[in-house]
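The primary structure of each chain is shown beneath.
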Amino acid sequence: MTRRAILSVVGFVVAAIVIWGVLFVAVPRWSRGGADSAAPDGSTAGTPPAAQRKITATLYYVDDDGLSLVPAQRDVPFGEPVVEQARFIVEAQLAAPAQPLVSAVPAGTTLRALYLSELGDAFVDLSGDITSKHTGGSMDEILTVYAIVNALTVNLPAITRVQILVDGKEVDTLAGHVDLRNPLSKNLTWVTADNPS
Amino acid sequence: MLVALVLAGLTGLPAAQTPQSPAPYTVVSRDGRQPLPARSINGQEMFAIDDLARIFGFTTKDDPIAGGLTITLRGQSILLSPNQEIASVAGRLISLPAPPAREGRAWFVPVDFVARALAPVAGTPIELRKPSRLVLLGDIRMPRVAGRIESLGALARLTLDVAPTTPHAVTQEGNRLILRFEADAIDASLPTSPVPELIAGVRPEGAAAIAVELGPRHASFRSSDLPGDRGGVRIVIEVVAKTTDTPAAPSPTAPAAEAPPLLDLVPAGTLRTVVIDPGHGGADEGARGAGGSVEKSVTLAVARRLKAALEARLGVRTLLTRDGDTALGLDERAAVANNNKADLFISLHANASVRPGAAGAQVFYLSLEELGDEARRAASAPRETLPVFGGGSRDIEVVAWRFAQARHIERSASFARTVEAALRARVTMSARPLQQAPLRALVGANMPAVLIEMGFMSNPQQAAQLGSDEYQNAIVQAVVDGVIQFRDGRGAAPAPVPQVPGR
Numbered sequence: 001m002t003r004r005a006i007l008s009v010v011g012f013v014v015a016a017i018v019i020w021g022v023l024f025v026a027v028p029r030w031s032r033g034g035a036d037s038a039a040p041d042g043s044t045a046g047t048p049p050a051a052q053r054k055i056t057a058t059l060y061y062v063d064d065d066g067l068s069l070v071p072a073q074r075d076v077p078f079g080e081p082v083v084e085q086a087r088f089i090v091e092a093q094l095a096a097p098a099q100p101l102v103s104a105v106p107a108g109t110t111l112r113a114l115y116l117s118e119l120g121d122a123f124v125d126l127s128g129d130i131t132s133k134h135t136g137g138s139m140d141e142i143l144t145v146y147a148i149v150n151a152l153t154v155n156l157p158a159i160t161r162v163q164i165l166v167d168g169k170e171v172d173t174l175a176g177h178v179d180l181r182n183p184l185s186k187n188l189t190w191v192t193a194d195n196p197s
Numbered sequence: 001m002l003v004a005l006v007l008a009g010l011t012g013l014p015a016a017q018t019p020q021s022p023a024p025y026t027v028v029s030r031d032g033r034q035p036l037p038a039r040s041i042n043g044q045e046m047f048a049i050d051d052l053a054r055i056f057g058f059t060t061k062d063d064p065i066a067g068g069l070t071i072t073l074r075g076q077s078i079l080l081s082p083n084q085e086i087a088s089v090a091g092r093l094i095s096l097p098a099p100p101a102r103e104g105r106a107w108f109v110p111v112d113f114v115a116r117a118l119a120p121v122a123g124t125p126i127e128l129r130k131p132s133r134l135v136l137l138g139d140i141r142m143p144r145v146a147g148r149i150e151s152l153g154a155l156a157r158l159t160l161d162v163a164p165t166t167p168h169a170v171t172q173e174g175n176r177l178i179l180r181f182e183a184d185a186i187d188a189s190l191p192t193s194p195v196p197e198l199i200a201g202v203r204p205e206g207a208a209a210i211a212v213e214l215g216p217r218h219a220s221f222r223s224s225d226l227p228g229d230r231g232g233v234r235i236v237i238e239v240v241a242k243t244t245d246t247p248a249a250p251s252p253t254a255p256a257a258e259a260p261p262l263l264d265l266v267p268a269g270t271l272r273t274v275v276i277d278p279g280h281g282g283a284d285e286g287a288r289g290a291g292g293s294v295e296k297s298v299t300l301a302v303a304r305r306l307k308a309a310l311e312a313r314l315g316v317r318t319l320l321t322r323d324g325d326t327a328l329g330l331d332e333r334a335a336v337a338n339n340n341k342a343d344l345f346i347s348l349h350a351n352a353s354v355r356p357g358a359a360g361a362q363v364f365y366l367s368l369e370e371l372g373d374e375a376r377r378a379a380s381a382p383r384e385t386l387p388v389f390g391g392g393s394r395d396i397e398v399v400a401w402r403f404a405q406a407r408h409i410e411r412s413a414s415f416a417r418t419v420e421a422a423l424r425a426r427v428t429m430s431a432r433p434l435q436q437a438p439l440r441a442l443v444g445a446n447m448p449a450v451l452i453e454m455g456f457m458s459n460p461q462q463a464a465q466l467g468s469d470e471y472q473n474a475i476v477q478a479v480v481d482g483v484i485q486f487r488d489g490r491g492a493a494p495a496p497v498p499q500v501p502g503r
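These protein sequences, in sequence, are chains L and Z. Quick note: the first sequence uses the working numbering, first residue 1, plus one each step. Quick note: the second sequence uses the working numbering, first residue 1, plus one each step.
Please note that the accuracy of each hint is not assured.
Unchecked claim - Which stretches of chain Z does chain L cover? Using the computed rule of at least three CB atoms under 8 Å from a CB of chain L, they are:
1) 286-293
2) 354-363
3) 433-444
4) 447-459
What the hints contain is simulated information worked out from the structure, not anything from laboratory work. Even glycine gets a Cβ: it sits at the ideal position worked out from N, Cα and C.
Build the full structure now, drawing on both the sequences and the hints.
As structure tokens, this is what we get:
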């Protein structure tokens, strides 16, 4: 019986630490990090459950000329901590957009996992469709990679670099062109200056 | 005495006591000329940062934590790190031939720092002329002039090569010919062995003119301009002797252009080996064309044509990374170039887009930013000294494979611009014709390297073009033109550094 009592006390303490951690470490950090461009819709008090809240995020799609990314503002489910928000943003970026937008990421590509390092590097693990269904053009490959890199780094200042993994593994490239061996930083070279739609 | 020597060194007086001190450079600007002392440190000519700060008007700040130096010029920063051959200039990486040196609190940088680091942020043209030990500051017109005198019996010929082409006029003033250039100054290397009877001497006259002293037997002169090498002009002045003394004018005017160029305009514009990389191959078919064609076949077909054209027109050794439908890793492709000590690496590709309308060719070179600090560290990898069979030792340059291209970025950019301009003359370019991207195929190349996207396979019209003799030959012609221009130093002028938003 004493053994069970000790276990329950330990369990209670662990639960308390987890709750304390969420309240005082993760939430403030996320609020700070996301305040610039991805502020939650509601205020902190009396908000609806997190699953129903939305944030506005900038996502990226292929421009008509095939040479640029067009930014678009989209509602994305609110998530916390930041890694959860990052997952929602990537899932929204992978989803097929409404006409006339065209996705920079091959259709069918899914998010397998997303990790965040202490240094602000996000590791985005995507399904093999991103490689097998890719057009194989270097221009498309640049747009695929930087749609994902920019969607995370632009919306979540806490994320400074992004490394794309495929089927859980580090890869050289998606289709033979863009070097994915290192995490990549935000790069708006290929984003049009047009107003987001 | 020692104090006096140190003071002399610090104040930039000619340090005759330091046997290694090379002659100072001269900074030429609209305001006049001033000396810029140079020093030889570890076999490298260097300028003191303090001297440069005085002339170019920048401020410096030591970074006590990183041990680096921050230079601020017109609100832009240049970051120097000790022992690193790479500097950051307004956020972009540039390479230096040697790391900066420090003596106490004084910093020294290789003379190329002026051209590579200061020029991009100075807001005014800066030109470094190492052979004539000049730094041109501002919009200074200062053509290079080099000459020789030949005796051809009854006439003496003065040949002057001038680059770039500069308007000029020849007038006779008594026993002198005055050759005036429309320039602020001239950078002249004049002949010293006259033909006393006809051309007694050639001397500078004022800032931008040359005086030709005529000898006692001169009767008349004629002057002509011939096209010179590489955008220059060749001025030929022939002084004819009095006919009473000579029975006949023995020498017909030989074409002066046969003589070797007097100006060595490009440091060793040699090209020995070019490696062409046909993209993809084997199971990796690359992009698929609208009509069922595949990128790997198009790239191989163009590569074979390009090899034949380069060998025939330039006589240059040309190798293909693959000459068949074989799979090849991206590092293996760069290895073919590195192991054969290629002077240029050209990777050929064809593009594809989810937008079927996408069209046009593109030229890429590597961007370094993505490699970040690691590239900076790696590019300054130390030389390793290995023992050599039979005694002694040899310095081996060790370059991390993934950063090999870092040190060639500027020449790759120049080559890419040149090829882009040559392609533009023959085929349709995309709206983004010249791009910098982290392309895996270029990372390991230890020489100037570009990747050419010849057109979009996903565009039905372009797919048909890419399979045609006509289009493939147009690409080949353009690339050959670009290679020749790059070799001869006639490449496209540097474009302004593109401002990348969001960094």
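Evaluation of the provided hints:
no.: 1; hint: 286-293; result: holds (count 3)
no.: 2; hint: 354-363; result: holds (count 5)
no.: 3; hint: 433-444; result: holds (count 8)
no.: 4; hint: 447-459; result: holds (count 5)
In terms of the numbered hints stated before, the structure departs from none.
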